[in-house]
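Colleague: In the order they appear, the protein sequences are chains F and X.
For the record, in the first sequence the residue sitting at position 35 is 35 according to UniProt numbering, with numbers rising by one throughout.
For the record, in the second sequence the residue sitting at position 188 is 188 according to UniProt numbering, with numbers rising by one throughout.
I should point out that these hints are in silico values taken from the structure, not numbers from a laboratory.
Please note: incorrect hints may appear among the correct ones.
[Stated by the list, open to error] To spell it out: a stretch of chain F is covered by chain X in this simulated footprint if at least three of its residues, at any positions, have a beta carbon under 8 Å from a beta carbon of chain X; those stretches are:
no., stretch
1, 31 to 37
2, 135 to 147
3, 197 to 210
4, 253 to 266
Don't be surprised by glycine CBs; every beta carbon is placed ideally from N, CA and C.
Number of protein chains: 2
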Amino acid sequence: MENAISNLITTYHELNASVIDQLDEEPSPLTFFRYVAKNRPFVVRQAATEWKAYNEWNAGYLRKKMEGESVKVAVTPLGNADAVVKQQDGSLVFVEPYETTEDFSSFLDYVQSSSTKGAGDTKNVKYAQTQNDNLHDEYANFLPDIPKDIPWARIALESHADAVNLWLGNDRSITSLHKDNYENIYVQIRGQKHFTLLPPCEMPCVNETFLPRGRYAPTAHPGRNEEEEGRLQVALENEASEKVPVAIWDPDVADQNTTRYSYLANPLRVTLEEGDMLYLPAMWYHKVSQTAGEEGFVCALNYWYDMDFSGHFWSGNNFVRDVVGEEGGQGSMGSSVGMSGKGAGEAREEK
Amino acid sequence: MENAISNLITTYHELNASVIDQLDEEPSPLTFFRYVAKNRPFVVRQAATEWKAYNEWNAGYLRKKMEGESVKVAVTPLGNADAVVKQQDGSLVFVEPYETTEDFSSFLDYVQSSSTKGAGDTKNVKYAQTQNDNLHDEYANFLPDIPKDIPWARIALESHADAVNLWLGNDRSITSLHKDNYENIYVQIRGQKHFTLLPPCEMPCVNETFLPRGRYAPTAHPGRNEEEEGRLQVALENEASEKVPVAIWDPDVADQNTTRYSYLANPLRVTLEEGDMLYLPAMWYHKVSQTAGEEGFVCALNYWYDMDFSGHFWSGNNFVRDVVGEEGGQGSMGSSVGMSGKGAGEAREEK
Ligand SMILES: O=C(O)CCC(=O)C(=O)O
Ligand SMILES: O=C(O)CCC(=O)C(=O)O
Numbered sequence: 001m002e003n004a005i006s007n008l009i010t011t012y013h014e015l016n017a018s019v020i021d022q023l024d025e026e027p028s029p030l031t032f033f034r035y036v037a038k039n040r041p042f043v044v045r046q047a048a049t050e051w052k053a054y055n056e057w058n059a060g061y062l063r064k065k066m067e068g069e070s071v072k073v074a075v076t077p078l079g080n081a082d083a084v085v086k087q088q089d090g091s092l093v094f095v096e097p098y099e100t101t102e103d104f105s106s107f108l109d110y111v112q113s114s115s116t117k118g119a120g121d122t123k124n125v126k127y128a129q130t131q132n133d134n135l136h137d138e139y140a141n142f143l144p145d146i147p148k149d150i151p152w153a154r155i156a157l158e159s160h161a162d163a164v165n166l167w168l169g170n171d172r173s174i175t176s177l178h179k180d181n182y183e184n185i186y187v188q189i190r191g192q193k194h195f196t197l198l199p200p201c202e203m204p205c206v207n208e209t210f211l212p213r214g215r216y217a218p219t220a221h222p223g224r225n226e227e228e229e230g231r232l233q234v235a236l237e238n239e240a241s242e243k244v245p246v247a248i249w250d251p252d253v254a255d256q257n258t259t260r261y262s263y264l265a266n267p268l269r270v271t272l273e274e275g276d277m278l279y280l281p282a283m284w285y286h287k288v289s290q291t292a293g294e295e296g297f298v299c300a301l302n303y304w305y306d307m308d309f310s311g312h313f314w315s316g317n318n319f320v321r322d323v324v325g326e327e328g329g330q331g332s333m334g335s336s337v338g339m340s341g342k343g344a345g346e347a348r349e350e351k
Numbered sequence: 001m002e003n004a005i006s007n008l009i010t011t012y013h014e015l016n017a018s019v020i021d022q023l024d025e026e027p028s029p030l031t032f033f034r035y036v037a038k039n040r041p042f043v044v045r046q047a048a049t050e051w052k053a054y055n056e057w058n059a060g061y062l063r064k065k066m067e068g069e070s071v072k073v074a075v076t077p078l079g080n081a082d083a084v085v086k087q088q089d090g091s092l093v094f095v096e097p098y099e100t101t102e103d104f105s106s107f108l109d110y111v112q113s114s115s116t117k118g119a120g121d122t123k124n125v126k127y128a129q130t131q132n133d134n135l136h137d138e139y140a141n142f143l144p145d146i147p148k149d150i151p152w153a154r155i156a157l158e159s160h161a162d163a164v165n166l167w168l169g170n171d172r173s174i175t176s177l178h179k180d181n182y183e184n185i186y187v188q189i190r191g192q193k194h195f196t197l198l199p200p201c202e203m204p205c206v207n208e209t210f211l212p213r214g215r216y217a218p219t220a221h222p223g224r225n226e227e228e229e230g231r232l233q234v235a236l237e238n239e240a241s242e243k244v245p246v247a248i249w250d251p252d253v254a255d256q257n258t259t260r261y262s263y264l265a266n267p268l269r270v271t272l273e274e275g276d277m278l279y280l281p282a283m284w285y286h287k288v289s290q291t292a293g294e295e296g297f298v299c300a301l302n303y304w305y306d307m308d309f310s311g312h313f314w315s316g317n318n319f320v321r322d323v324v325g326e327e328g329g330q331g332s333m334g335s336s337v338g339m340s341g342k343g344a345g346e347a348r349e350e351k
């Protein structure tokens with residue numbers, strides 16, 4: 001099947017641009033839907049510059065709005081929440097972050113003061129990255145500052161956003177390559193986000209592998225000083241628990257963990273500046289890094305809309321996965337599980 | 001790959017209706033585009049009842065408008081233009097019709113007088129079925145009677161119809177299973193058409209096989225009487241000419257010429273009545289039979305819009321073809337040719 005799979009990827013590239021479309025202004029529902037239909041991303045520069053969030057959100061404002069509130073925080077040693085970690089014996093584990101609940105203001109202090117990566121910096125990295133519609137939950141105080149829906153997306157997709165999330169962190173967090181079963185409108189408010197995007201047909205390139213799950217947890221014997229206090233180590237889930245398929249190829253370290261198809265991938269890269277908007281189509285692989293804004297933090301929002309499982313798109317992507325699995329080159333991917341990274345557990349049957 | 005292919009077809013069926021949507025009225029561009037995006041057909045009953053064609057076209061009117069004009073006619077012994085014919089040695093040939101140019105009025109006489117299939121009827125079957133934008137060519141006299149575009153299709157697809165065709169024949173013609181690389185809006189004017197539709201993912205069911213080409217031609221020694229005069233026999237193209245991939249499975253004779261996947265097909269059936277409109281999505285297999293209207297003929301129009309080769313749709317369908325080809329179950333389909341039946345020669349690179 002090697003030819004068929006290579007041909008799929010190269011044909012896709014022949015017929016599709018190798019850059020991300022840039023729109024001058026927000027699209028009409030019909031124009032947006034043309035992108036959804038093609039499952040192609042676009043960026044609208046400066047689309048959110050009239051949002052209250054864009055105009056008002058600075059550290060002081062955020063602190064004031066969230067006075068007395070506490071939030072869930074992902075804590076990791078290296079900014080690697082939901083990421084592959086190599087164990088000392090060389091085996092790979094998909095590791096979720098240690099989760100704490102912290103006073104918002106202290107959390108923001110920590111984020112702002114730890115933004116720059118010092119060489120000898122051993123401090124843990126904190127990222128507010130709950131993806132559970134957190135703007136209607138822990139960050140509800142910010143709701144008045146943002147539109148409750150993206151109008152052209154709501155009209156085109158005939159539904160309200162299924163989840164609206166706030167992301168708050170700094171340069172030290174990286175979201176590793178994964179995909180989600182959602183149409184995603186991503187809006188940059190403070191700082192920059194650097195997206196690396198791969199279309200669903202590049203699934204054969206990303207080396208999805210079933211890995212055991214783990215979670216960072218504080219060591220039983222905390223160390224002496226502040227930097228070390230939170231020292232975390234990977235606690236494996238018990239043997240019996242289901243393994244999860246994880247993309248272990250990293251387009252930024254393209255010569256490691258490859259499949260025979262990785263060299264065919266053509267990652268698209270885009271940086272979102274403050275006020276920019278990205279349409280990140282359903283099932284695209286994305287890796288995201290960030291650069292802090294003026295005040296030492298990065299803040300973004302995203303609107304997740306349900307994707308359409310009918311038509312040929314979902315079943316077609318499943319087919320690619322099945323063929324790759326049956327070919328056996330890279331672990332055997334069952335078609336009933338299809339997620340990795342942040343999307344783990346988002347497979348359709350579990351919604 | 002058997003599992004992957006079966007799974008593709010069954011997953012598609014699980015996620016998509018097993019009937020054709022019926023709309024109450026013509027869709028908006030956005031609603032239409034939702035169907036295009038999903039590559040799903042729909043019918044709008046009585047959508048063309050205000051068209052002049054619907055209201056005026058009877059045999060007398062057509063004759064008057066076409067007085068003195070001649071038209072191209074496909075002549076076949078059994079109503080089988082662009083169809084698979086079994087030779088005496090059992091081998092299959094893809095046979096195109098004998099083509100004549102006839103006075104429109106005599107052609108229409110012939111069609112009207114030969115509509116009913118008599119058991120002993122040996123008369124040839126005639127069908128006006130040139131698909132070369134014939135309404136801007138030989139049938140241009142009818143242009144004032146029909147819209148030059150379907151407005152919601154034009155807006156959604158951002159293009160004018162690439163071809164508008166008139167089809168004129170009777171009960172005896174059947175268009176055999178094939179697919180086209182066009183978005184198709186099909187409009188019934190007189191009589192009925194009976195469509196059998198299969199989605200592109202059922203490609204593994206239809207047994208596309210490379211066949212030599214042939215063409216009906218009159219015998220060298222025409223017979224004595226009128227019925228026999230036109231006696232046709234298959235003239236094979238020379239050995240060296242390229243073979244064409246043809247769907248040799250017929251959903252109406254489901255136990256013959258099967259592949260191991262044919263039983264998974266779920267043909268959708270719909271009959272268009274006078275004034276009805278069908279959206280027949282790009283790359284859907286369709287087989288079409290007909291029933292004459294009051295005056296013994298069947299007349300329909302169709303608008304072909306260019307399909308979009310970008311996004312994942314075309315490359316995804318190619319992939320299915322390649323996997324089926326590499327599996328080797330049913331001849332080896334190269335991905336650079338993808339058509340059969342009426343669509344032969346419409347493959348993208350040849351446009
Ligand atoms: O902003 C990030 O760190 C990741 C965003 C993301 O993965 C998403 O919006 O799906
Ligand atoms: O009307 C027919 O006989 C066939 C129609 C057809 O194949 C088409 O419109 O593509």
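Colleague: Now, for every hint given, state plainly whether the structure supports it.
Modeller: Okay, the hints, checked on the actual structure:
1. 31 to 37: holds (count 4)
2. 135 to 147: violated (count 0)
3. 197 to 210: It holds, with 3 qualifying residues against the three required.
4. 253 to 266: It is violated, with 0 qualifying residues against the three required.
Of the numbered hints stated above, those contradicted by the structure are hints 2, 4, listed in ascending order.
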